[in-house]
Amino acid sequence: MRKDKPCVLKVEDITMQFGGVVAVNNFSMEEYEGEIVAIIGPNGAGKTTAFNVITGVYAPTNGRVSFNGERVIENFPRGKMKKAYLGQNAGKYTGHLEPTPDKLTALGMARTFQNIRLWKSMTVFDNVLIAKHLKRTSNLFSATFGANRVEEQMQREEADALLETVGLADVRDELATSLPYGKQRRLEIARALATEPKLLLLDEPAAGMNPQETVELTKFIGEIRDQFHVSILLIEHHMDLVMDISERIYVLDFGSMIASGTPAEIQTNEKVIDAYLGVTDDA
Amino acid sequence: MKQVNASQSSKKSSWISFLITLAFLALVFCLDQIIKPTNKMYMLLTVLQKGSVYALAAVSMNLLNGYTGLFSLGHAGFMLIGAYTYAIFTIPSSARDTVYQYFDAAIRVSFPEVLSNMMGPAGTALGVLAAVILAGLMAAFFAYLIGLPVLRLKSDYLAIATLGFAEIIRAMFQWQKLGPITNGSNLLKSFARTSKFKLEVGDTKLVLSTFVPVLIATASIFIIVKLVNSTYGRAFKAIRDDEVAAEAMGINLAKHKMISFTVSSFFAGVSGAMMAMVLSIAQASNFKSAMTYEILLMVVLGGIGSISGSVIGSLLFVAASEWWLRGLDSGTFLGINAPGVFRNGFRLVVFSIIIMIVVLFFRKGIMGEKEISDLFRARKKKARGAAQ
Amino acid sequence: MAKTILPYIISGISVGGQYALIAIGYTMVYGILRLINFAHGDVFMVAGLMMVYMAAALPLYIAIPLMIILTVFLGFMIERVAYRPLRTAPRMSVMISAIGVSYLIQNLALYITGGLNKNYPAIPWISDRVTVFGMETSRVTIITPFLTIILVVALVQLINHTKIGMAMRAVSLNFETSQLMGIRINNVISATFIIGTFLAAVGSMLFFTNYPGVVPTSGAMPGLKAFVAAVFGGIGSIPGAVIGAFIIGIAESLIKGLDTILIVHGTITEQIGFATFSDAFTFVLLIIVLVFKPTGLFGEKTTDKV
Amino acid sequence: MKKILSIALILCLVMALAPMAFADNPVVKIGVFEPQSGDNGAGGKQEVLGMQYANKLTPTVEIGGTEYDVQLVYADNASSNDKAPTAAQDLISNGVSLVLGSYGSGVSIAASDTFANAGVPAIGVTCTNPQVTADCEVYFRICFLDPFQGTVLANFAKNELGATKAYCLAKLGDDYSGGLCNFFIDAFGKDNCVYEQFPEGTSDFSTYITNAQNQGCDVFFSPVSTEAAAQIIAKADTQALGMPILAGDTWDSNVILNAAKGTDVQICVTTFYQEGADAEFDAGIKEWIRSDSTALANNGGNDELAAVTVMGYDAYYVALEALKAAGSVDPEDVLEAIPSVEYAGVTGNIAFDDIGDALRDSAFVKSCNTETGVWDFVSVATVD
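Residue numbers (the numbering used here), protein chains in the order written: chain X, 1 to 283; chain H, 1 to 388; chain A, 1 to 306; chain E, 1 to 384.
Hint data in this document are derived by calculation from the structure and do not stem from the laboratory. Model, not experiment: these values are computed from the prediction. Certain hints may be false.
Unchecked claim - Straight line, CA to CA, 16 angstroms or less: simulated EDC-like cross-link-like pairs of lysine to aspartate or glutamate: (1) K324/E with E336/E; (2) K120/X with D241/H; (3) K183/X with E213/X; (4) K120/X with E243/H; (5) K271/X with D253/X; (6) K165/E with D186/E; (7) K158/E with D191/E; (8) K120/X with E369/H; (9) K11/H with E152/X; (10) K196/H with D135/E; (11) K103/X with E243/H; (12) K165/E with E270/A.
Can you build the whole structure from these sequences, using the hints too?
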C-alpha cells in the first residue's frame, strides 16, 4: 500500500439496490496515487455495477465516493427507496450528489467498457481526437468559425503523439471497428488516456484475448501507469493478469466485499477460495 | 509525413469546393438576369429557389438526425416560427393594415423600412438580413424551451414528442387571440419577398430573386459544414455512434444535444424565413407534419449523414416533383400521350414509388455518408495510384 | 350543467372507441417490432375508400366482408414488402420506410379519388338516428364503445389463451430469445399485422359511418391520435391503449366544447378559442405523459444496460 | 437488380426532359389556375367545367386580324397555398396570355405575387376575399366580394330568418371562410355572434353542432368547403340542429344537394346565378355535361348546375374579350386591355372598377329543397 501518497479514490459504504435486489452491498475501498488496484469476483458479484456507480452511470442508493479528496457522489435512500431499502448505514449519509459521467471524466476519471464501445463510423485517429473535446477552451462560435485553429492543431498533434505512444500510429486512418480485437482494446485505452485522467478504470480489459495478447496487455497496462502517471482500477477475470500487476485486490461476492489485500494474501484467503470453488472462471 | 499530405489534400479539396461554389453563385446570378418569368426555362429558377429553401431545411435536419442521431420530427414547427418572424418584421407599414384586415396589428416595426430610413438602400438589404437572423433566433429560442423537457427522450419517443410540439406551435400561431401578432390563421403577405429583390446599378435593375435565397442557403450550409467539421461536430458524431461512450469520454450529453437541437432549429427558422420570401406568403396551415416528412425523405434520398447528399437530395426532390415529372400529371410524358393514366396525381404516385425504392433498396441514399469533396479526393488518389 | 356536458361526453366516448380500435394496431406492432407504423392510419383510410367503391357496385353483405379481407391483406403486404426487408436495419430506417409507405398510400389515394371527398355509404341500422337521454344522435355513436370493448375482450382472450397469442407475448418480451426458442418470428409478426388491420378495418366502418367523408388524408390525424393514445396508455399494453384512446377521445371532445361549457356556466363571457387546440391538446397530453411518466399509464419500466 | 433499377430511374428522369409536341396553328393559351385536388378540388373542377364548355362552343378567337386556336392550359394548385406559386409559375412558363382562377381565395392571394412578377394578368372567377385584388395590379375578378356577401347574408339572417344570435364556424387558415365569417360578424353585430374555428382534417363536427345548440343560437353560419359541408349537414341531421344553416357561394354545389337530400336541414346560400335565368344556356351545358362522362363525374355525377360553373363560363368569354381588345397575345397588352373590358354574361353584366373588382351589386339567395334535391330561388339581395 502506498499510504504515503494521497488518496485518489475513496469509496464509502456504497450500496446499489435495483427494486428488491441488492447488487452491491456496503462496498468500501481506497486507491492511492500510482496504484494498480483490481476488483475481482465470480460472475454476477456486482463488479461492473460498482464500476458503474463510481463512474456515475448509476446513482448509488446509499454511500459516498470521493475523488482526489473531493466528495463527488453521495446519496441516501430517498422517496420510494426509503421504505424499500435493504442495505446498511441508512442514516449515515445526508448529501445528494449525482453527477453525470461526463462531469467525473472532466474531474479526471476515464474508463473503458467490458464490451468495447468505440465510435464505429470513425477512424482510429478521430476516436482519440474526440476524447480531446473535453479539454477544449473554444466555444461553439470560435470552433465553428475557425478561431480555435491553434488549439485544434495542438489537439491533433497530441492525438497523433498518443497513437504513436500506444503503437497505433500505423492504423491511424483505419476505421476503428476494422482493427483486430486486441488493438481495439488498446485504442479504447488510448481514447480514455486522451482525456488526461488521473484515474483509469478498465472494465475487463483482457476479456476475449488469447494468452499471448494478455501478456502484451499486462505489460502495456504497467507501461501506461508509469508513462502517464495514472492510477488504475480494473475489473478482471484473468487471474494471471490480476496477480501479475495489481498491488491490491478487492474481492466481491454476491454484492458484498469478502476480502481485500495484496495478491499473495488473496491467493490464500479461505473465503475467496470458497467463493471461486467449483465456479472457477478462467474465461 | 502521411498526415501532412492528408491535411494538405483536404485543404486543396476544400479550396476546390469553395471555387466551385463561387462559380455556381455567379452562374445563378447570371441566370437570374437572362431567364425571364415567361420563359419556359424559368422553372429552373423556381426549382433553384425552392430547392435552396429545402436544401437548407434538409441540411439542418441532417445535422440533428444524421450527425447527432436525434430523430426529431419537429422541423415544420421551427420553420413556421421562422417564416412568421420574418414576415411580421418585414411588412411595410403601408401594407400592414391591409394584411391585418381583421385585427389591429400589434407589432408595427419593419426592419427594412427602419434601416433604409437610416442608411438608404443598403439598409433594406440589412433589414432583410436582420429579419432572417431574428427568424433563426426565434426558432432557436423555442427549440431551447422545447428541448429542455424532450431531449431526454429516446429515439421514437423523441420523434413523436417533437412532432407533437410542431403541431402545438401550429395551433398556437393560428389562435384567434394572438391575431394582432400572427394575423390569426390568415395568411401574411406583402412583406419583403424575393420577387421584389432588385439591385439598382445606374439605370439597370438587376434581378436577385433566385440569387438571394441561393446565397443565404449557401452561406448557412457553409456555416453548418464548418460546425460539423469542428470539435463540436465530432462530439455530435460521437453521441450518434455511442451515447454511453461519448458521455464516459466527458461529452456532456444534455448540453451537446441541446446545442445541436438549437443550431438545427436556428437554420430551420432561417429556411422558414426563406420559404416565406420565396413563396411571398406565410401561413401556419402550410407547415404541417407532411412538410417534415418530405424534408426527411429528401435527407434519406441524399444519404443520412452527408451534407452534400442532403443538398442534392432536396434539389432532385424539388426538381422531380415540381418540374420534370409534371408531364405525368397533364396527359403527356416521354412523348406518350395517355390522358387516362397520366392524370392529376400520377406524378406523386410515381414519385413516392421512387422514394420507396430508394428507402428499400438504396438505403444509403445517393451519397451515403460521403461528401462531394471526398469524391475529388478519391479521384486524385486513384489518379496518383495509376501514375505510379 | 350535466345536460350541457353530456353530449360532449357521449361523442367523446364514441370517438374514443374508434381511436381505440386503431390504437391496438399501433400498440401491438410497437410491442413486437418497436416500430411506429405510420402507415396504419392510412390503411384505415384505405379501408374507408374501398368501402366507398365496393358499396357502389356490390350489396353490403358482400362489400363489408370483402373490404375487411382486402384491408387485412393490405396490412399483411405492407409488412411483407416494406418492413420485412429492413428487419436488421437500424430502427430509424424502418420508421422512414413507414413514413414512405404512408406517403405512397396517400398519393395513391389522391390519384384514384382525384383528390375529391368521397361520401361513405350509409350502412342501414347503425347509421339511423336515435334519441338517448333526450339527445339526438346516431346509433353508431352508442354502439361503438360496446363493440370496441367486446372486440378488445376477445383479443385479450386470444392473446392469453392461444398458441399464437403466447408466441406474441414471448416475442414482445424478447425478440432474439424467442427466435432461438423456435418461434417463427415472421408468422407472429404477420399475425400481429393481420389482427391490427382487421381492427382498423372495423374501426374505419364505425368512424366513417359517423363522419361520412373519406379523403386521402382522412387517416392521418386519427392515426396519429390513436398512436398518442397507445403511448398514453403505455405502449405494448392493449388495455392501456384502449383506456388511453377513450381518455383522448373525451378530452378532445370536451376541449372543442370548452368555450361553450364555460360560457353557459357563466365562467367566461367571451370566446377564448379552445377549439383551435383540439388537435394540439392531444399532443399536450402526450408530452406531459412522456416527460413525467415515459412508460405511459400502464407501461412497464425497462432499464438500459451498459 | 440494383443496377437495373438505378439505370431505369435515371432514364426516367432524363427522358422526362424530352420536349413536348407542338401544334401547327397559331395558339393562344389561357391558363386555368384551379384546384383539382384537396379541400376545394370539387369546386375547382366545377368551375373548370364552365370554361371547358365555353371553349368547346368557341374554340377560336380573332386577335388583331389573325384566327387563333384557344388552348386551355391547366395547373392544379391543390387547394394549398404553398403549392399555388409553383402552379402559377408553371402556367407562366407555359406562355399563357392570361390566367383564369382560382376557386378559393387563399391560393389566389398566394399566387398573386407570382403573376405580378411576370406581368401576366389573372382574372379571378369566384375568389371573393378583398385581399386578392388589393395590392396587386395584375389581379382582376368577375365576382362580388366578401364584405358584400357577408352583409347580404347577415341582413338575410336578421330580416328574413329573424335570427338574433348567430353561430359562425370557419376553418383555421382558410381565407375564404375566415374572411366571410369576419364580414358576416361585422354586419350582424359582434355581440350576437359566436365565432369558432376548426383545424384542418377535422371530421367530427358533432361538438360544434352541440356548441351552437348549447349557446342558444338561431342561425348556423358556416361558409366552409363543400367537403366539410357534407359532414356538417350529416351531423346537423342526426343531431337535430334545429336552426337554419347559412353559407356563401361555395355551398352552391350539388355536393350540398346530395348531402342534404332526404334530411330535414334548412340550408340557405348566396350565389352568383340561379338556374333558369338563361334557359337556353342551361339546356346546352346540361346536355354537354350528360354527354361527357368525365364532365359528368367532375360535376358530382349529375347535371345540376353550380353557379361556379356558370361563372367559369363567363370568365372564359371575358378572357376572349380581353384578348380581342388587346389585339395581341402578349400578356402585357392583355393586362392593359382588361380594365376597359365589358361583357354581358349569363350571370349579368361584367365590368371592372379601379381596383380590378367586378362592379356587381346583387346576389341570389337560394334555399335547398331537401325533398327533391334542387335549389329553390328565394330572392335577389342587394346592399344599399
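Do the hints match the structure? See the list:
no. : hint               : result
1   : K324/E with E336/E : 12 angstroms, holds
2   : K120/X with D241/H : 6 angstroms, holds
3   : K183/X with E213/X : 10 angstroms, holds
4   : K120/X with E243/H : 12 angstroms, holds
5   : K271/X with D253/X : 10 angstroms, holds
6   : K165/E with D186/E : 13 angstroms, holds
7   : K158/E with D191/E : 14 angstroms, holds
8   : K120/X with E369/H : 13 angstroms, holds
9   : K11/H with E152/X  : 15 angstroms, holds
10  : K196/H with D135/E : 14 angstroms, holds
11  : K103/X with E243/H : 15 angstroms, holds
12  : K165/E with E270/A : 14 angstroms, holds
Checked against the numbered hints listed earlier, the structure breaks none of them; every hint is satisfied.
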